Amino acid sequence: MLRLEKRPSPSRGWTIATPVLAVVLTMIAGGLMFAALGKNPVEAIRIIFWDPLFNMQFASYARPQILVKAGPLILIAIGLSLGFRAGVWNIGAEGQYIMGALAGAAFGLAFYPSESPLIFPGMIIAGALAGWAWAMIPAILKTRFRTNEILVSLLLVYVAEKLLASAATGLLRNPEGRGFPGSRQLNRIESMNNPELIANTGMHWGVVVAFIAVIMAYVLLNKHLLGYQIKLAGQAPRAARFAGVKPNRLIMLCLGTSGALAGLAGLFEVTGPAGQISIDFNVGYGFTAIIVAFLGRLHPVGILLAGLLMALTYIGGELAQLMLQIPAPAIQAFQGMLLFFLLAVDVLTNYRIRIKTEGVA
Amino acid sequence: MFGIDPITLIVALITVSTPVLLAAIGELVVEKTGVLNLGVEGMMITGAVMGFVVAVDTGSPTLGFLAGMASGAALALIFGLLTQLLLSNQVATGLALTLFGLGLSALLGVGYPGQTPPVVNDPFPDALAGLPVIGPILFGHSLVIYLSVLLVAAVWYVLGQTRAGLIIRAVGENHDAAHALGYKVIRIRLMAILFGGACAGLGGAFLSVVRVQNWVEGMTAGAGWIALALVVFASWKPWRALLGAYLFGGVTALQLRLQAAGVEVPVEILAMSPYVVTIIVLVIMSSDRSRAALNAPAALGRVFHATG
Numbered sequence: 016m017l018r019l020e021k022r023p024s025p026s027r028g029w030t031i032a033t034p035v036l037a038v039v040l041t042m043i044a045g046g047l048m049f050a051a052l053g054k055n056p057v058e059a060i061r062i063i064f065w066d067p068l069f070n071m072q073f074a075s076y077a078r079p080q081i082l083v084k085a086g087p088l089i090l091i092a093i094g095l096s097l098g099f100r101a102g103v104w105n106i107g108a109e110g111q112y113i114m115g116a117l118a119g120a121a122f123g124l125a126f127y128p129s130e131s132p133l134i135f136p137g138m139i140i141a142g143a144l145a146g147w148a149w150a151m152i153p154a155i156l157k158t159r160f161r162t163n164e165i166l167v168s169l170l171l172v173y174v175a176e177k178l179l180a181s182a183a184t185g186l187l188r189n190p191e192g193r194g195f196p197g198s199r200q201l202n203r204i205e206s207m208n209n210p211e212l213i214a215n216t217g218m219h220w221g222v223v224v225a226f227i228a229v230i231m232a233y234v235l236l237n238k239h240l241l242g243y244q245i246k247l248a249g250q251a252p253r254a255a256r257f258a259g260v261k262p263n264r265l266i267m268l269c270l271g272t273s274g275a276l277a278g279l280a281g282l283f284e285v286t287g288p289a290g291q292i293s294i295d296f297n298v299g300y301g302f303t304a305i306i307v308a309f310l311g312r313l314h315p316v317g318i319l320l321a322g323l324l325m326a327l328t329y330i331g332g333e334l335a336q337l338m339l340q341i342p343a344p345a346i347q348a349f350q351g352m353l354l355f356f357l358l359a360v361d362v363l364t365n366y367r368i369r370i371k372t373e374g375v376a
Numbered sequence: 549m550f551g552i553d554p555i556t557l558i559v560a561l562i563t564v565s566t567p568v569l570l571a572a573i574g575e576l577v578v579e580k581t582g583v584l585n586l587g588v589e590g591m592m593i594t595g596a597v598m599g600f601v602v603a604v605d606t607g608s609p610t611l612g613f614l615a616g617m618a619s620g621a622a623l624a625l626i627f628g629l630l631t632q633l634l635l636s637n638q639v640a641t642g643l644a645l646t647l648f649g650l651g652l653s654a655l656l657g658v659g660y661p662g663q664t665p666p667v668v669n670d671p672f673p674d675a676l677a678g679l680p681v682i683g684p685i686l687f688g689h690s691l692v693i694y695l696s697v698l699l700v701a702a703v704w705y706v707l708g709q710t711r712a713g714l715i716i717r718a719v720g721e722n723h724d725a726a727h728a729l730g731y732k733v734i735r736i737r738l739m740a741i742l743f744g745g746a747c748a749g750l751g752g753a754f755l756s757v758v759r760v761q762n763w764v765e766g767m768t769a770g771a772g773w774i775a776l777a778l779v780v781f782a783s784w785k786p787w788r789a790l791l792g793a794y795l796f797g798g799v800t801a802l803q804l805r806l807q808a809a810g811v812e813v814p815v816e817i818l819a820m821s822p823y824v825v826t827i828i829v830l831v832i833m834s835s836d837r838s839r840a841a842l843n844a845p846a847a848l849g850r851v852f853h854a855t856g
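Heads up: the sequence lines are chains A and B, in that order.
Position 193 (the first sequence) corresponds to 208 in our numbering; numbering is contiguous.
Position 77 (the second sequence) corresponds to 625 in our numbering; numbering is contiguous.
Hints in this document: simulated from the structure, not taken from any laboratory.
Computed from a prediction, not measured in an experiment: that's the story for all the values here.
The C-beta atom is built at its ideal place from N, Cα and C for all residues, glycine as well.
Errors might be hidden in some of the hints.
What the hints assert, rightly or not - Below, a sample of chain A positions facing chain B; criterion: calculated Cβ distance under 8 Å: (1) Lys54; (2) Val57; (3) Phe160; (4) Ala359; (5) Ile368.
Just need the whole structure built from these sequences, with the hints factored in.
Right under this line is the structure:
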């Protein structure tokens, strides 16, 4: 019989190998899923993981899209990873993302049609602040009343979605839009546009900020006392308290940071790729970022790679939809499967498998 | 007030509450064994789609409900295997279950939105349901609603009054002690997880087949998360879960009626009220230090790894 034996410390080799193993297992299971849908599994996997990058027919469109989609995923996941490391579970990034986009757009549109160069920076600040404020609701309720931050942050996503619907059809609706829901096209207004910085790369300000966030998180976690406290609080909460870590301060900080980063991601999305506030401009990056954070082992560099991979599955999924008529939700199930496999094979990181012989204690 | 009939409101309240109640009572048992399954939303939505698909395809609502239960339990089994045998983090695994369930359900339901499910007959004769006032409130529902109340009673009885309940609670309070006493911690937890999944799946199937009578992607709209909040609200007590579910259902049913009546309040404000009320109630419950700390199962969310 097999028996698990706890490792004294997580295996370094398996820490790196398990995400790769999980991706391979997901490809196999995903292939089976595609086969069950009556599609050629090998072709489907090739279209999702290979064609967007290397098939010349699609690559010119698909390659830039990788950064466009990876930007928000990485930005949100970096913020979430800090909290997840400390045992603070912000799973409402989608709501903070929406609120950042709403507040940023509202700030910009309030000055319409001003051409001032200060408007875009102001929108960025408004977006970050709104995301931060939305995340501070669960943070304050957690620290003041010990209310579960998982449930509050998640429930606030639904509240944010209703506010979005209200804004898109009311307050922020384009007055020249003939009554259709949705705001003005922010990416067509010079002072509010988040442009592609280098042609045909997909690089926009959100991607730049995401890369900066990766570097900052890396420095924070490896060189700074605060990063050490975050790691300690997650691994040994009691020891952390004796070491002078203030749990409430950490909760505020982790939730606030992840909220601000999610708000930024929303602002950059709505001024760039999405282009306007509309009822459904949010496509679930806030939730997919949870998968990205875990797949990247809550490590900044890992998250960078995981974000790029997850962006690839988005684009490959769209391509598979186009080429093989694979239904769009299949890719969402595929991404969920990836997290399952990752969590399953993670047992190898923390435990050794021993074969137990009968009669030996 | 606003032309709302209190009797239809109460009837609507009971119907609206039942999916959440079913999911909550299942999760309550799971948490009593010390396991936190955040995948309720994923199991519910999968139950909703499978229940709907099977009910439409076979024409039998009963088979639909069974399919909903089976699919909820199947998803719960993945969670159980990962958290109990492969010792994964319960929070992360529960989230994975929800994300996977949302994707899977959308995939399974392609082509089904707008189809009409078979009509579910009420168990009581029209003569009883036609009685004034108490008729529609007591006798005008589908069987699943009566089942949900019976389930609450059964869970209350088993948890509080039987030896099995004592073992379940022991496992949830201190799995190491329960293990030392010879109880099969993992087996008991797996069974509770399967039960929770079946309940959530049934709740989902009820939602799509009876309440909405349609399949819409993402139709549970956070009901699974509200069920999780209800367990906290109920301080892990079955009858309070019933109370909480009906309270939540009351808010939801009332805001829907107010929307229909065209009250001078923005629709979005009304639509967000169930979530806001849930958060407020959560805050009130958790701010009472003694109550929250006393009733939460002590081993909730902790990984059990038998070393002996």
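Worksheet entry | Given hint Lys54/A near chain B, where the shortest CB pair must fall under 8 Å | 12 Å, violated
Worksheet item: Should the hint that Ala359/A touches chain B count as held when the rule is a Cβ pair under 8 Å?
Response: At about 5 Å, which falls below the 8 Å cut-off, the nearest Cβ of chain B leaves the hint on Ala359/A intact, so it holds.
Worksheet item: With 8 Å as the cut and Cβ atoms as the points, is Val57/A at the interface with chain B?
Response: Given a least distance of 20 Å, the restraint on Val57/A is violated.
Discussion item. Interface hint check: Ile368/A, Cβ to nearest Cβ on chain B, cutoff 8 Å. Holds or violated?
Written reply: Nearest chain B Cβ about 11 Å off; hint violated.
Worksheet item: Are Phe160/A and chain B close enough, Cβ to Cβ, to be under 8 Å, as the hint says?
Response: Hint on Phe160/A: holds, closest Cβ of chain B at ~4 Å, below 8 Å.
The structure fails hints 1, 2, 5 (numbered hints given earlier, in ascending order).
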